[in-house]
Amino acid sequence: VALWTISDTKIAELLTELHQLIKQTQEERSRSEHNLLNIQKTHERMQTENKTSPYYRTKLRGLYTTAKADAEAECSILRHALDKIAEIKSLLEERRIAAKMAGVYSDSDPPRKTMRRGVLMTLLQQSAMTLPLWIGKPGDSPPPLCGATPASSDYVAKQGDKVAARVKAVDGDEQWILAEVVSYSHSTNKYEVDDIDEEGKERHTLSRRRIIPLPQWKANPETDPEALFSKDQLVLALYPQTTCFYRALIHTPPHRPQDDYSVLFEDTSYADGYSPPLNVAQRYVVACKENKKK
Amino acid sequence: MSDPATQALQPRLLQAQSSGSAGSNTAATGSGSGSSDPARPGLSQQQRASQKKAQVRAFPRAKKLEKLGVFSACKASDTCKCNGWKNPNPPTATRMDLQQQAASLSEPCRSCGHALVHCLDLINMSTNDEINRLLGMVVDVENLFMSVHKEEDTDTKQVYFYLFKLLRKCILQMSQPIVEGSLGSPPFEKPNIEQGVLNFVQYKFSHLAPKERQTMFELSKMFLLCLNYWKLETPTQYRQRSQKDDGTAYKVDYTRWLCYCHVPQSNDSLPRYETTQVFGRSLLKSIFTVTRRQLLEKFRVEKDKLLPEKRTLILTHFPKFLSMLEEEIYGENSPIWEADFTMPASDGTQLGHQTVISPASVSGSPSLSKGMSSGSSLGSMDAGGAEPITGEKRKLPEALTLEDAKRIRVMGDIPMELVNEVMMTITDPAAMLGPETNLLTPNAARDETARLEERRGIIEFHVIGNSLSQKSNKKILMWLVGLQNVFSHQLPRMPKEYITRLVFDPKHKTLALIKDGRVIGGICFRMFPTQGFTEIVFCAVTSNEQVKGYGTHLMNHLKEYHIKHNILYFLTYADEYAIGYFKKQGFSKDIKVPKSRYLGYIKDYEGATLMECELNPRIPYTELSHIIKRQKEIIKKLIERKQSQIRKVYPGLTCFKEGVRQIPVESIPGIRETGWKPSNKEKGKEVKDPDLLYNMLKNLLAQIKPSMSHHQTHPDAWPFMEPVKKSEAPDYYEIIRFPIDLKTMTERLKNRYYVTKKLFIADLQRIITNCREYNPPDSEYCKCANTLEKFFYFKLKDGGLIDK
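Chains as they are written, first to last, in the working numbering: chain A, 1 to 294; chain B, 1 to 804.
One or more hints might be untrue.
Subject to a maximum C-alpha distance of 30 Å in a straight line, what follows is the list of computed DSS-like cross-link-like pairs (lysine-lysine) [claimed, not checked]: (1) A:Lys231 with B:Lys583; (2) B:Lys592 with B:Lys515; (3) A:Lys100 with B:Lys632; (4) A:Lys168 with A:Lys158; (5) B:Lys515 with A:Lys100; (6) B:Lys629 with A:Lys100.
Here are the computed distance ranges between Cβ atoms for each label pair [what the hints assert, rightly or not]: (7) A:Gly273 with B:Arg518: 14 to 24 Å; (8) B:Gly517 with A:Gly273: 21 to 31 Å; (9) B:Gly457 with A:Arg29: 29 to 39 Å; (10) A:Ile22 with B:Ile635: 52 to 62 Å; (11) B:Tyr605 with A:Ala86: 52 to 62 Å.
For the chain A half of the interface with chain B, some residues (derived, Cβ under 10 Å), not all of them [to be verified]: (12) Arg116; (13) Tyr155; (14) Arg166; (15) Val167; (16) Ser269; (17) Tyr270; (18) Ser275.
The set of hints was computed from the structure by calculation and includes no laboratory data.
Backbone N, C-alpha and C define an ideal beta-carbon position, used for all residues, glycine too.
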């Protein structure tokens, strides 16, 4: 409990800072707008006079330099605000993991025996929706675990990270499920993961190759389309309203940052072997290693 | 057959039967064709009869006597059995010629030889009025004779013949005709058709604007008028039409109708009753289908004869009116036929003080009704009665604040200000969360998401079906194909052809769940209105839209649809995967519908479990979880308030640690301060046996209000006997939110509403508080209330219902 109080104050502080940052953003924006208007007017005047005098050249150079500086300042404040959000999220995540370890469910609600499935599904959608969008500086290429970009070969998923885990079901069939990392043993190179569905009840110990970490950032289709799966690529995608990954073909990649993939699941109950297009968030689409059809 | 007149009749009767001449009933049943006002067939026949009577009554006395002598017993000697004077020179024309000279009183009878005068012994002494009455009967007898002669239908002919004999006997005995035998006497059923139809108007249309309500009222009047002059189909026709029913009951009703309603229309010797006043639902059930068709057909054919304003009324509103009425006639649980029907609006008040608060939004199923496009021709009518009073109810809390502030509380009531205050603090989650409201709290109700999505128009619900008689529109057909696809994907063990056959069968309907214009789920069902149940045939939601509460919301919509159509039982064969779902939707393996009602109707599936769900027509199913959630929140807030008022913290109990197993509740420190009261011992205890309680309350009420027994009315009870009339106190219902009176209490008692004495006492007390609220303290009414209150409490103590 003491720990939570500390994190509570910390979160409150961060929220205040975030609030300040947002205000500053607005100030920066107003300032740069003024400057941009100046640039526009100068251009108009140059056009009416129909000549580019050294005076205008100097003036424009100055204006553009200021505008660039303004934009960079605004950008840095926005990044700063995003960092704050990430910090708050990670604090909440820490708290959630701690609560889970302590066997307590949530801080506000009375303990529940089981979560209603519909609620779990909502939480999963929520988590997909709030996955941060990666915004790189010019020239940066998307990092591992952004969109379709795979993790580096030596990457180890952290505790609490969501992964696709290949488990053996009771009937012996192999299945990719949505799971949460509990621990990783460097000595055996094995993960311990919890099935997200039966939280805490079903724990699996799996080798590295049976684990695929889920993306930690959304890739922006407008700036980093190469970090997305492309049409007709074979992937593993979480079937909507379930906690299982199935093989699917990308039907259309997202067009905007908040869009989902549209995928065609392999499904023998349809004449052509694929389901009609269904939407799956970036968060729940990962590369499929085995390329041959089962 | 000792009656010569009837003997003479027999051969001709037989003749008429075989000749097949146009009889009065051969024209299509129920139409008085030729009369200018289709609502009043038969008028001309009536006119003819009265014309003839006037003619006969204007005869010279001698002629009158001759006419009567024909129907009067010969009194020449004790042994003469002759029942009427027979003219030895019978008129040549088959019809009795009215113009003929009167026979002389000494003229001998052709049958017994005695003079006519002997037949007139009694009549001669009668007054002119009596003679004229008898003459009227004579004309009626002659008309009946003609009717018997012309009638082709055996059943009708029999009745005419019976009436003919009856009237003859009455002339003979100079008595009043009384139809005897096993027919019983009117009224034959209660409530009568008229009452039922008026109840129907109240039940279905009282929420409409006054003008529209008036329209519906006029339609009901017109319908009743039509029924009163309508010619019913013969038992033979009835039997041919309804194969299942042998028509015995109908034949009885038909005979009654002929004797008491139809024949007396043109035959005023017989006492006349209006069909709609002496018959009830059972007759209407037998005739409605046919009558409706004929009525509409008749109006269609004769629409040019109708007055223009009547024409629109009839052509636009009447079909819908009749369809809605049909549902109430054949519906299993229609309230309009209950002897003590009261307006459903009073349900609201009944619930009012029990549950403290009315739900913030009791909506019907707006999308369901507006989009209703079932295949049957009735489908489009559904929208009419379905507009709920949502808006008004939402406004309730604000609108009532002022009056409530000054209201005297009835025990157990929570002050309205407090409730309003609490309501303010319970903010709508949708309002709090901003645009991304599909983020729900973990303890949200299962159907919360679906309800929100429906409200925002993300999903829609439509009852659709195929039709053979009319061209289904393309969208409906596309949706049906969509449903067939969803069902066959989600129910892989059902043959696709079988699914297709049922989804497209015009007798089956499907409640379709539509998202983005596409079908994502549905419930296919078949209604059996005559059997009082509906079979759930298929039920599925497409896999990628599952666990969103759609299944629950679908079933709730289906329940509300059925309540509207008065079917209150669902039956279904559930396979092993579906049992869990159906249990969550209130289905049980315990089947209350008798086997005979569903056997042979419902499709039997091997290896599946039959499950049933009984609907409660008072529950707004699609809003139920929301209402309960709000009620819980209110109660939680009220508890919190109470806690903050008490503020005293007691050390916990230690006695259990010391080994004490049980202590009396009242010995817990502070418990009384919370408002907890020890349950009253002995006499004050709640009466557990419902029948015992019922009788106790009944006796108690009887001492105040006499209708339950033969007791005298309490002298001060008169202002409270019946609901306050709006005409007498126009603003009464604006000021008094929970009106109550002794009549209503009697009805509630009969309906077994008073399941606890507390409810009963609360109503009694409310009579008093309402009176004091509305009337000045020194008024006559309040004086009555004061006396009555003392009397109530004396009686309550006396009856042991409260502590002495």
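Now the hints, each set against the structure:
| no. | hint | verdict |
| --- | --- | --- |
| 1 | A:Lys231 with B:Lys583 | violated, 44 Å |
| 2 | B:Lys592 with B:Lys515 | violated, 36 Å |
| 3 | A:Lys100 with B:Lys632 | holds, 29 Å |
| 4 | A:Lys168 with A:Lys158 | holds, 23 Å |
| 5 | B:Lys515 with A:Lys100 | violated, 37 Å |
| 6 | B:Lys629 with A:Lys100 | holds, 28 Å |
| 7 | A:Gly273 with B:Arg518: 14 to 24 Å | holds, 21 Å |
| 8 | B:Gly517 with A:Gly273: 21 to 31 Å | holds, 26 Å |
| 9 | B:Gly457 with A:Arg29: 29 to 39 Å | holds, 35 Å |
| 10 | A:Ile22 with B:Ile635: 52 to 62 Å | violated, 40 Å |
| 11 | B:Tyr605 with A:Ala86: 52 to 62 Å | holds, 55 Å |
| 12 | Arg116 | holds, 7 Å |
| 13 | Tyr155 | violated, 30 Å |
| 14 | Arg166 | violated, 22 Å |
| 15 | Val167 | violated, 21 Å |
| 16 | Ser269 | holds, 6 Å |
| 17 | Tyr270 | holds, 8 Å |
| 18 | Ser275 | holds, 8 Å |
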